[in-house]
Amino acid sequence: MLVVENLRKTFEAQSGLVNAVDGVSFTVERGKLLTLLGPSGCGKTTTLRCIAGLERPHAGRISIDGRDVYNSEGNLFVPPNERGIGMVFQSYAIWPHMTVFENVAFPLRVAKGKRYGRAEIAAKVKAALEKVRLGGYEERASTQLSGGQQQRLALARGLVLEPSLLLLDEPLSNLDAKLREQMRFELKRLQLDLGITTLYVTHDQAEALALSDEILVMSGGKVMQRGNPTDIYRRPNSEFVADFIGSTNLLPGRVEGTVGPDGKGVVRTDEGAVHCTFFQPIASGAEAQVSVRPEDIFITAPNAARSVSVLAAKVENRVFLGEVIDYIVRCGSRELRVRAKPEQDFAIGADVALELYADRCVGLRADDSRKAS
Amino acid sequence: MAYSDSMQRTTGPSGPGYGVGARFIRWLTPSNVILVVCALIAAWLVLVPLAALFYTAFAEDTPYGPGAFTIQNFIDALTSRYIGDLFLTSLIFAGGTAIVTFALGTAVAWVVERTDAPGREWFHGFALLSFAVPGLLTTMAWILIFSPNIGWLNGEFKAWFGLDKAPINIYSMGGMIWALSSHYFPLAYLLMGPAFRVLDTRMEEAAVMSGANNYQVATRVTMPLLRPAILSTLLLLFIRGMESFEVPRLLGLPARIFVFTTEIQNATSNAPPQFGLAGAHGIILLLICVAGVYLYRRSTRNAEAFATITGKGYQPTTIRLGGWRWPVFIGMSLMFFAALGLPLFTLVWQSFFRNVTLPTLDWSVLSGMSWDNYDIILHYPIFLNAVKNSVFLGALAATIVVLFTFVMAWIAHRTAKTYGWMLDVLTFVPIAIPSIIIGASILFAYLIIPINVYNTVWILLIAYVTMNLPYGMRFTSSGIVQIHKELEEVAQMSGASLLQIFRRVLLPLLAPVLIAAWLYIFVLAVRELSASIFLSGPGTHVLGTITLTMWEEGGSFGAVCALGVIQIIPLIFIVMAMRWVEKRVGTRR
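Same order as they appear, the protein sequences are chains Z and F.
Mapping the first sequence onto this note's numbering, position 300 (from 1) lands on 969, and the numbers just tick up by one.
Mapping the second sequence onto this note's numbering, position 2 (from 1) lands on 4, and the numbers just tick up by one.
Worth double-checking, as some hints may not be accurate.
Derived pair list, reagent style DSBU-like, types lysine-lysine, alpha-carbon separation capped at 30 Å [to be verified]:
1. Z:Lys-795 to F:Lys-487
2. F:Lys-160 to Z:Lys-793
3. F:Lys-487 to Z:Lys-847
4. F:Lys-487 to Z:Lys-781
5. Z:Lys-847 to Z:Lys-783
6. Z:Lys-701 to Z:Lys-933
7. F:Lys-487 to Z:Lys-800
8. F:Lys-487 to Z:Lys-783
9. Z:Lys-891 to F:Lys-487
10. Z:Lys-795 to Z:Lys-857
11. Z:Lys-1010 to Z:Lys-933
Just some of the chain Z residues that point at chain F, by a computed CB distance under 7 Å [claimed, not checked]:
12. Ser-760
13. His-766
14. Leu-859
15. Gly-954
Derived Cβ-Cβ restraints for the label pairs, each shown as a range [claimed, not checked]:
16. Z:Gly-915 to F:His-486: 29 to 39 Å
17. F:Pro-226 to Z:Asn-986: 55 to 65 Å
18. Z:Val-988 to F:Val-427: 53 to 63 Å
19. F:Val-427 to Z:Ser-732: 50 to 60 Å
20. F:Asp-87 to Z:Leu-686: 58 to 68 Å
21. F:Asn-216 to Z:Arg-778: 54 to 64 Å
Keep in mind the hints are simulated off the structure, nothing from the lab.
Ideal Cβ positions, reconstructed from N, Cα and C, are used throughout, including at glycine.
Can you make the complete structure from the sequences, with help from the hints?
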């Protein structure tokens, strides 16, 4: 189990001090996979490196399986080579001067306080390589491996000491799209099989949704939202999260009437009234945004619409993708993206109606940053 | 920052630790301690001689060392009748050498890097060899070739064309420029080669596709892209020309063509020695070189903007010469024959004869060939001692510099980003200091400081280490920059300690670079002359000084040539070793 409490890390930049990590707290339960997700510069990698011990935080507490490895009170800092964490780097960091076997054997050979015998090392390396399906590659030069194999090798090296915590820093970002998808399943299988507590860092939302038990969306060194993949996708709590995870359409307006205890309410936008669901309390008349994903808008002929919220629009552009058609429609002064089934086939320039459903439209409080600008 | 922070384990009840003492203790990590120690050693090596130089230059010469403060030395130096000539000849010599050297070196670089001419590998090897052959030997060879009295090629020219006067006089400005260029042009090649190599040919292709002809491509795209490289190469060659000592000493003195380096050496070898005057001349030369290095740094500062390496899978396309392949090959071969073959042949030929002998196929002459000169040299105790000194000092200096700069480069690039630049600057300073000034300053310094190294090999070691710091730092820095930081971090995450990371990850990965640096510095140190001439004494002769002494006082040209050949043969093997290392690293350097 990994516990991170109120972690802070500042960097000196030319413009002054930058809060790379600004009071981040979270827990990863034993055997779970938590993903830190966010755009570059959001502090996710710094958080990971603080947990690894490669960066020294300025404040907070980090504890692994009940043992503090960093605590600003008491000035405790356990160096990374004594934390017993497995880690896979973005570049894989495979040592080119060692064979596959030697790469994996390295953690055993440098282990502090424990000497492994030759046979023991061979057995452990073999087991680790077989876990990642690299059995039989022991004597290969590590530079002869393909990208995907190097990725597995890095994983085997991280796992050979059977650590209680595994850190993965954008491990799939250097692979091509097809291999990435394949490795995604592989990683998930391994993590479930081994039941190892894992912290995963990525900027790729599809990866995060596919792999995680829980996702932590970060921005500007702060945690924006925490939840399981469905929650994060279906119930974003801010414009940032809605926009960063998947793509979405945002309709600004004001809350009309009061929001019921079930969260159902109406937002009056320039284009019309939209029924939606709020997951946070919001006052009547407050500025709000409605977030609706392209696949949640139902496009239909002008007279056929039956929903409560219907917006009139005109098809501006369309792209046929086989299983779906992507439309860009003009609705008042706004362009919206709509993803429709191939049967809902409208030509460019056609007048259409957009049906919106309250349980698929998320009402958000207008971001403060937006109001300011 | 990772290591400086993380390699220590801080525990204890000392509380948050905001006090000055506590903060100092926290700052006192192993790598910060190493940083300070390295900085202090580098500062001592570099700054102490400079301080001694300034002190000596601004002090009266007395029989008991530097006396009262004075600026008389500068007045003497600047009001001398020769000062105008001195500036002019120094500038013409250095400028002329820079231009000739640049032209030759760039031609080689272009052929080797960008064309499909045959024999490119060989030209690369020959270039390395010409650079490795000591300038002193090349210059001696040119005297034996083009001296008006004893030059054999002059003799041949006279016979062929029926002249009664020697057509070429090596004891002239032109002769000096040629002699130095034939030795230094590989430097221009080594500097321009990478520029040609990283030039992305797609930029040229884009110009062609936009409708430009060859001339327009060259003037509007290629040259502007290469401008920083050209400028910096010319400046560096100019500085090297200002610093050079061997050629002015052997060719300039007899011709009464004086430059700063010979003036400095003259002043110290006068009786009584005029250390103050030497110091003043030294400071003037130093200022010229510092200005040159400043401009050099400025011209390379924006090199990033011109970096045209695209990284992934970039393969420079070669220019197909077609029918020009063999003419280019012959031209190159002739050039290498003139610049390297002639001097080497002359040394080898002459080494078999006691007196000056014209190369010929005449049996009566050939039958007079003998190994006598080698016999004399190899049984000459002073020579054997000099070899021992040079090899010992070269190996020790190379080892110290490589290890020292390896640690410093690692600290500068990995742990102490905030202070690391100090190490870079300190180790770069000697590049602006001509070796003759390093020699003189170290002499001044250890005459003043009561550390008993004067007249021992250790003072030579100090000089060799100091002057090679920049090269060591360049090699090791470029090596460390190429190693992805995550390769070290993952070792740390695997449980390795700092020492284990160095031994098991960094050292094996950097071994080729370190070997290359070692060989390079070894060669430079073994053939060193201009600093050694101040610092070697009876019993501490090195190869350079013994060769010069034998040339100027020994009388037997044959013996000196044998001495030269004995030095060159190991160099050939060292150059082969460097080629082998280059291939392992996969890049030419």
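Checklist entry - Out of the numbered hints, which ones does the structure contradict? => result Of the numbered hints, 2, 5, 6, 14, 15, 17, 19 do not hold.
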